[in-house]
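Its first residue numbered 1, the sequence shown is counted upward by one per residue in full-length UniProt numbering.
Rather than coming from a laboratory, the hints here were simulated on the basis of the structure.
It is possible that some hints are incorrect.
[Unchecked claim] Simulated restraints, written as ranges between beta carbons of each label pair:
#: 1; residue 1: S97; residue 2: K25; range: 16 to 26 Å
#: 2; residue 1: Q98; residue 2: S177; range: 33 to 43 Å
#: 3; residue 1: E156; residue 2: S183; range: 17 to 27 Å
#: 4; residue 1: M153; residue 2: T45; range: 41 to 51 Å
#: 5; residue 1: S12; residue 2: Q161; range: 33 to 43 Å
#: 6; residue 1: E47; residue 2: L157; range: 38 to 48 Å
#: 7; residue 1: K102; residue 2: S59; range: 13 to 23 Å
#: 8; residue 1: T45; residue 2: L157; range: 42 to 52 Å
#: 9; residue 1: L143; residue 2: K2; range: 36 to 46 Å
#: 10; residue 1: D58; residue 2: K2; range: 33 to 43 Å
#: 11; residue 1: F181; residue 2: E47; range: 38 to 48 Å
#: 12; residue 1: S179; residue 2: A155; range: 13 to 23 Å
[What the hints assert, rightly or not] Lysine-lysine pairs mimicking DSS-like chemistry, simulated, CA-CA at most 30 Å apart:
#: 13; residue 1: K25; residue 2: K2
#: 14; residue 1: K103; residue 2: K25
#: 15; residue 1: K25; residue 2: K185
#: 16; residue 1: K102; residue 2: K25
#: 17; residue 1: K55; residue 2: K102
#: 18; residue 1: K55; residue 2: K103
#: 19; residue 1: K25; residue 2: K55
Quantities reported herein were computed from a predicted structural model and do not represent experimental measurements.
All residues carry an ideal CB built from backbone N, CA and C; glycine is no exception.
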Amino acid sequence: MKQTTPFPTGHSELIHDVEYDFYGKQLATCSSDQHIKVFDLDPTTQEWILNDSWKAHDSSIVKIAFASPQFGHILVSVSYDRTLKVWEENFDEQVGSQRRWKKLATISDSRYPLYDVAFAPSHLGLRVGTIGSDGILRIYDALEPSDLRNWTMTAELQMLQAPSDQNVPSDFCLTWSPSRFSSEKILICCLGSFHG
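Start from the sequences and build out the full structure, keeping to the hints where you can.
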């Protein structure tokens, strides 16, 4: 049986999400403390070493995701502050400088808190989807992958008949089918009345 080894993340509030990169050599965490932390796996000691930590949003950060490595070292985050942010690792900056991950874009089309973000499979291009308490699935494409400062909303689909009550616990999530052999499929889970 494999041994588990806890490691301190240094977050001061609840951790909402943790994600590995494609190769499992980097992981990111996000928290109610409004910070993202990225860790690198030391190949010798097999310990997670802090790559960088920075204040990324103005409210709880609830979900993060790494892009496929063919698009570079890209990370996205969503928050209750109603924004999607796109980050790129800047290898010219020192590890632990709080500038190692550069913000490329802030997208603020939602008027409600965002709950989930996911990249589409890489064969569909550099595409990301978000969903929040308004029950709207928004899909964005980087039409020019060499310039990740510009993202275009390519779909906006209402999943709920009305936004969820802000005072009621809610849950929203999305995932893409990774299959290359069928049409594009997205699974959305929403707490509320489905609009169909």
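Consistency of the hints with the structure:
{"no.": "1", "hint": "S97 <-> K25: 16 to 26 Å", "result": "holds, 20 Å"}
{"no.": "2", "hint": "Q98 <-> S177: 33 to 43 Å", "result": "holds, 37 Å"}
{"no.": "3", "hint": "E156 <-> S183: 17 to 27 Å", "result": "holds, 20 Å"}
{"no.": "4", "hint": "M153 <-> T45: 41 to 51 Å", "result": "holds, 44 Å"}
{"no.": "5", "hint": "S12 <-> Q161: 33 to 43 Å", "result": "holds, 38 Å"}
{"no.": "6", "hint": "E47 <-> L157: 38 to 48 Å", "result": "holds, 43 Å"}
{"no.": "7", "hint": "K102 <-> S59: 13 to 23 Å", "result": "holds, 21 Å"}
{"no.": "8", "hint": "T45 <-> L157: 42 to 52 Å", "result": "holds, 46 Å"}
{"no.": "9", "hint": "L143 <-> K2: 36 to 46 Å", "result": "holds, 43 Å"}
{"no.": "10", "hint": "D58 <-> K2: 33 to 43 Å", "result": "holds, 39 Å"}
{"no.": "11", "hint": "F181 <-> E47: 38 to 48 Å", "result": "holds, 40 Å"}
{"no.": "12", "hint": "S179 <-> A155: 13 to 23 Å", "result": "holds, 19 Å"}
{"no.": "13", "hint": "K25 <-> K2", "result": "holds, 18 Å"}
{"no.": "14", "hint": "K103 <-> K25", "result": "holds, 22 Å"}
{"no.": "15", "hint": "K25 <-> K185", "result": "holds, 28 Å"}
{"no.": "16", "hint": "K102 <-> K25", "result": "holds, 20 Å"}
{"no.": "17", "hint": "K55 <-> K102", "result": "holds, 12 Å"}
{"no.": "18", "hint": "K55 <-> K103", "result": "holds, 11 Å"}
{"no.": "19", "hint": "K25 <-> K55", "result": "holds, 23 Å"}
Checked against the numbered hints above, the structure violates none of them.
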